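Asker: Use these hints to put chain B onto chain A, whose structure you have.
Chains A and B are the protein sequences, given in the same order. All residue numbers in the first sequence are consecutive under the working numbering, ending with 201. All residue numbers in the second sequence are consecutive under the working numbering, ending with 201.
Since the hints were derived computationally from the structure, they do not count as laboratory data. In this text the structure is predicted, and so the values were computed from the model without any measurement. Just to be clear, a hint being listed does not mean it is correct.
Claimed, not checked - In the DSS-like style, the derived pairs of lysine-lysine whose C-alpha atoms are separated by at most 30 Å in a straight line are:
| no. | chain 1 | residue 1 | chain 2 | residue 2 |
| --- | --- | --- | --- | --- |
| 1 | A | Lys39 | B | Lys136 |
| 2 | B | Lys39 | A | Lys39 |
| 3 | A | Lys136 | B | Lys25 |
| 4 | B | Lys39 | A | Lys136 |
| 5 | A | Lys182 | B | Lys65 |
| 6 | B | Lys25 | B | Lys126 |
| 7 | A | Lys136 | B | Lys126 |
| 8 | B | Lys126 | A | Lys39 |
Protein chains: 2
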Amino acid sequence: MVGSPGKTYGKVYVLRIGHRRERDKRVTTHVALVSRALGANGFILAGDCDKRVLASITGVVSRWGGDFYAGCTPSGVKYVEEWREEGGEVVHLTMYGLPLIEVAPIIAASSKPKLVVVGAEKVPREYYELADYNVSVTSQPHSEVAALAVFLTLLFDDSIYYTVFRGKTTIYPSLRGKRLVLGHGLG
Amino acid sequence: MVGSPGKTYGKVYVLRIGHRRERDKRVTTHVALVSRALGANGFILAGDCDKRVLASITGVVSRWGGDFYAGCTPSGVKYVEEWREEGGEVVHLTMYGLPLIEVAPIIAASSKPKLVVVGAEKVPREYYELADYNVSVTSQPHSEVAALAVFLTLLFDDSIYYTVFRGKTTIYPSLRGKRLVLGHGLG
Chain A
15 MVGSPGKTYG KVYVLRIGHR RERDKRVTTH VALVSRALGA NGFILAGDCD KRVLASITGV
75 VSRWGGDFYA GCTPSGVKYV EEWREEGGEV VHLTMYGLPL IEVAPIIAAS SKPKLVVVGA
135 EKVPREYYEL ADYNVSVTSQ PHSEVAALAV FLTLLFDDSI YYTVFRGKTT IYPSLRGKRL
195 VLGHGLG
Chain B
15 MVGSPGKTYG KVYVLRIGHR RERDKRVTTH VALVSRALGA NGFILAGDCD KRVLASITGV
75 VSRWGGDFYA GCTPSGVKYV EEWREEGGEV VHLTMYGLPL IEVAPIIAAS SKPKLVVVGA
135 EKVPREYYEL ADYNVSVTSQ PHSEVAALAV FLTLLFDDSI YYTVFRGKTT IYPSLRGKRL
195 VLGHGLG
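Bound conformation, chain A alone (with noise of 0.2 Å):
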């Protein structure tokens, strides 16, 4: 398919909370580009805008292509309070959630655009409120990076692997290394 999966439910974000840029740069650029690669529209960075995470995500676009949004909230809280304001749900990935293989079924039914909230170490109390749903993926410690990568081919399905992104770069599947096409800028 060309274009996202997300525009399937009119759009799904991802938006990631608890940002430390000392500690989180490489771990925040992964999550806003698995967002892209993974089927979302969207990545929205709260609190401190870090412009780095942003010129990573932005510079991948460009090259690679698609249409994705990247961009900062200072507040999550109210970022979140007015997604639902406007009709969307919101999905936030945490350890502590009900298990991901028993409300994916449910999640992936409503055709409510969808935002998906992936923390850093410690999520305030808010959101677990403010969500539609908590939702684990395992409830085992490990990484919000696979969490959200594993929801979203889950909420996507088989649609993620033929998505068509139309960038200057291409890749075509190979079986020992690189066959890349560059330059057609068809994006």
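Answerer: Below, chain B alone, put in the same frame as chain A:
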């Protein structure tokens, strides 16, 4: 199920190559934690043996349970060669491989022990040559943590959601927030 899904194949280990201490500490720790939480039996760090990463993962194993090995190897290439000599197969996750969705059923159907190789930014050519499978989780740039997570969930299917770790700490899923049980010490 009690015990790691990786045992279905004898063992499934994750080999992290290209780790750089300052840049990658948190991302490599995420790779290790995801390996454990999503069903692998072991994690090997190649090259620079970063004790902080090993301490993080062994700390989680001691609190949260499970039968999981974590260690280092001075040479990732030798580790891969020995794995193959002992009858195992090697899956290298890379942006430049064959599509996961096509290759995963073939890998899952083979009963051989599996070594999943996860690189950082640049991966030496040798790994592409030595791998039985070079596999891409989308042909877009994102995250080795995400690629590993998606690969393991596809390899082990739903069994990762029903794995029992029997640790001193266990979380029971709940609608809004935290329900921890401490001190059981079953595992």
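Asker: Does each hint fit the structure? Answer for all of them.
Answerer: Hint-by-hint comparison with the structure:
1. With a CA separation close to 19 Å, the supplied pair Lys39(A) and Lys136(B) stays within the 30 Å bound.
2. With a C-alpha separation of about 12 Å, the suggested pairing of Lys39(B) with Lys39(A) holds against the 30 Å cut-off.
3. This hinted pair does not check out: Lys136(A) and Lys25(B) have alpha carbons roughly 34 Å apart, beyond 30 Å.
4. Under the criterion of a C-alpha separation no larger than 30 Å, the hint pairing Lys39(B) with Lys136(A) is consistent with the structure, at around 19 Å.
5. At roughly 41 Å between alpha-carbon atoms, Lys182(A) and Lys65(B) are farther apart than 30 Å, so this suggested pair is violated.
6. With a C-alpha separation of about 8 Å, the suggested pair Lys25(B) and Lys126(B) falls inside the 30 Å cut-off, and the hint holds.
7. Only pairs whose Cα atoms come within 30 Å are accepted, and Lys136(A) paired with Lys126(B) is rejected, the gap being roughly 40 Å.
8. With a C-alpha separation of about 38 Å, the suggested pair Lys126(B) and Lys39(A) falls outside the 30 Å cut-off, and the hint is violated.
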